[in-house]
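Student: Listed below, chain by chain, are the residues.
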Amino acid sequence: MTRLTAAYPTSQFCALAGQSDWLIPALSVGGTGCITGVGNLYPRACVEIWNLYHAGKIEAAQKLQYTLSVSELGFGDGGINGTKWVVGELLGYSEKSRDCRRPYPKFDSAEKRQWILKQVRALEAEESRLKKTA
Amino acid sequence: MPSNENGVSASNGSSSQYSYPPGIHVPSLTFFNDSKRQEIDWDTQNKHLTFLIQSGVHGIVLAGTNGEAMPMTRQEKCDLVQATRKIATEQDKPNFPITVGTSGISTRDVIDDCVAVKEAAADYALVLVPSFFHFAMTKEAICDFFEEVADESPIPVLIYNFPGVVSGLNVDSTMLDRLAKHKNIVGVKVGLFGIPNVGSMLTSSSSSLAVASPK
Numbered sequence: 390m391t392r393l394t395a396a397y398p399t400s401q402f403c404a405l406a407g408q409s410d411w412l413i414p415a416l417s418v419g420g421t422g423c424i425t426g427v428g429n430l431y432p433r434a435c436v437e438i439w440n441l442y443h444a445g446k447i448e449a450a451q452k453l454q455y456t457l458s459v460s461e462l463g464f465g466d467g468g469i470n471g472t473k474w475v476v477g478e479l480l481g482y483s484e485k486s487r488d489c490r491r492p493y494p495k496f497d498s499a500e501k502r503q504w505i506l507k508q509v510r511a512l513e514a515e516e517s518r519l520k521k522t523a
Numbered sequence: 014m015p016s017n018e019n020g021v022s023a024s025n026g027s028s029s030q031y032s033y034p035p036g037i038h039v040p041s042l043t044f045f046n047d048s049k050r051q052e053i054d055w056d057t058q059n060k061h062l063t064f065l066i067q068s069g070v071h072g073i074v075l076a077g078t079n080g081e082a083m084p085m086t087r088q089e090k091c092d093l094v095q096a097t098r099k100i101a102t103e104q105d106k107p108n109f110p111i112t113v114g115t116s117g118i119s120t121r122d123v124i125d126d127c128v129a130v131k132e133a134a135a136d137y138a139l140v141l142v143p144s145f146f147h148f149a150m151t152k153e154a155i156c157d158f159f160e161e162v163a164d165e166s167p168i169p170v171l172i173y174n175f176p177g178v179v180s181g182l183n184v185d186s187t188m189l190d191r192l193a194k195h196k197n198i199v200g201v202k203v204g205l206f207g208i209p210n211v212g213s214m215l216t217s218s219s220s221s222l223a224v225a226s227p228k
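Heads up: the protein sequence lines correspond to chains A and B, in order.
In terms of my numbering, the first sequence is residues 390 to 523.
In terms of my numbering, the second sequence is residues 14 to 228.
The following block holds chain A by itself, in its conformation from the complex (with noise of 0.2 Å):
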């Protein structure tokens, strides 16, 4: 990422990360953003790193990206159908509408349904707090 921003104008080429976990070490080296898939939960918080990095304020950027990045590993390991699952649950969606497309199988495991609850959670207070200063 560095080589590439170094050599381009963002006006020309821009590099995102693939992953919110390293969003702030991404724009630190010229990175222009995030196609992060923790926003389908947590937008806000996302946006928020994304405001206070740009408003000087590195160290409380910093801080909520170490939550992030807890919240990041649910996402990361819980797989395609673990994200919609814990999305489905907390976004409060209907239950029959969880599953990915066959193939893909179920994310049924009661004790992984469990720990990505747990995991995907420590951003959670953060997100309730910027929607209700929103």
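It is worth saying that the hints were derived from the structure and are not from the lab.
Honestly, I wouldn't trust all of these hints.
Claimed, not checked - Computed from the model, here is a short list of chain A residues facing chain B with C-beta under 10 Å:
1. P494
2. S498
3. K501
Unchecked claim - Restricting the straight-line Cα-Cα distance to at most 30 Å, the calculated cross-link-like pairs of lysine-lysine (DSS-like) are:
4. K131/B to K521/A
5. K520/A to K152/B
6. K446/A to K495/A
7. K60/B to K49/B
8. K446/A to K60/B
9. K194/B to K485/A
10. K49/B to K152/B
11. K446/A to K521/A
12. K507/A to K446/A
13. K99/B to K521/A
14. K152/B to K196/B
15. K495/A to K60/B
16. K495/A to K49/B
17. K507/A to K452/A
18. K485/A to K99/B
Unchecked claim - With beta-carbon atoms standing in for the labels, derived distance ranges:
19. A395/A to T120/B: 47 to 55 Å
20. A396/A to E161/B: 18 to 26 Å
21. K520/A to G177/B: 30 to 38 Å
22. Q104/B to K452/A: 26 to 34 Å
23. K485/A to K196/B: 31 to 39 Å
24. E500/A to P84/B: 22 to 30 Å
25. A149/B to P494/A: 27 to 35 Å
26. D122/B to P492/A: 18 to 26 Å
27. A499/A to E103/B: 23 to 31 Å
28. A499/A to D125/B: 38 to 46 Å
29. K520/A to Q51/B: 44 to 52 Å
C-beta: ideal position from N, C-alpha, C; glycine also.
Start from chain A and add chain B according to the hints.
Tutor: Using the frame of chain A, we list chain B on its own:
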């Protein structure tokens, strides 16, 4: 030339500060119902798109990996684009950036994807390397592929580098250096080639954010 709410040009105009809208883009999930054919559950889908756009994110990516692009038809992708554009417009964000993943297994199929989603009002195409014939895909062949798609696509191309889903085919930094010169290639989504887990590697007391790129 239309600009979105961030003041970013919707195409690769030289006057714009950014070739692709900066910020947080969410790869929206696609929700399917439990019928035998697992059709898109539009009730849930529209609810989710509304939630995302209302939250203030800078853009949405439809039919990415999270959005299950591969098992979807081209028509379904176009329907998703139209639904997203409609919801964004209702929320007074008519120029909300919409990027759509391509999933063709041939160059012509990928180009057809780009043309179709443009007609449905998408702004950018997120293009993955076709990998069925991965054993034949040299670096040269991969670069030629992206350049031909970019030549023909009516919307700017964002390179999607994700070796994990394309049999290990990597678009390395030397290849990106070549591709970045194409006027219709506006950027890259860097998968894991960047600096994963770096957040957990830094201590909370660290004030320096300078991080070396691994490549």
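Student: State the violated hints by number, sorted upward, taking the hints as numbered earlier in the document.
Tutor: Hints 1, 2, 3, 4, 5, 6, 8, 9, 10, 19, 23, 27 and 29 are the ones this structure does not satisfy, whereas the remaining hints hold.
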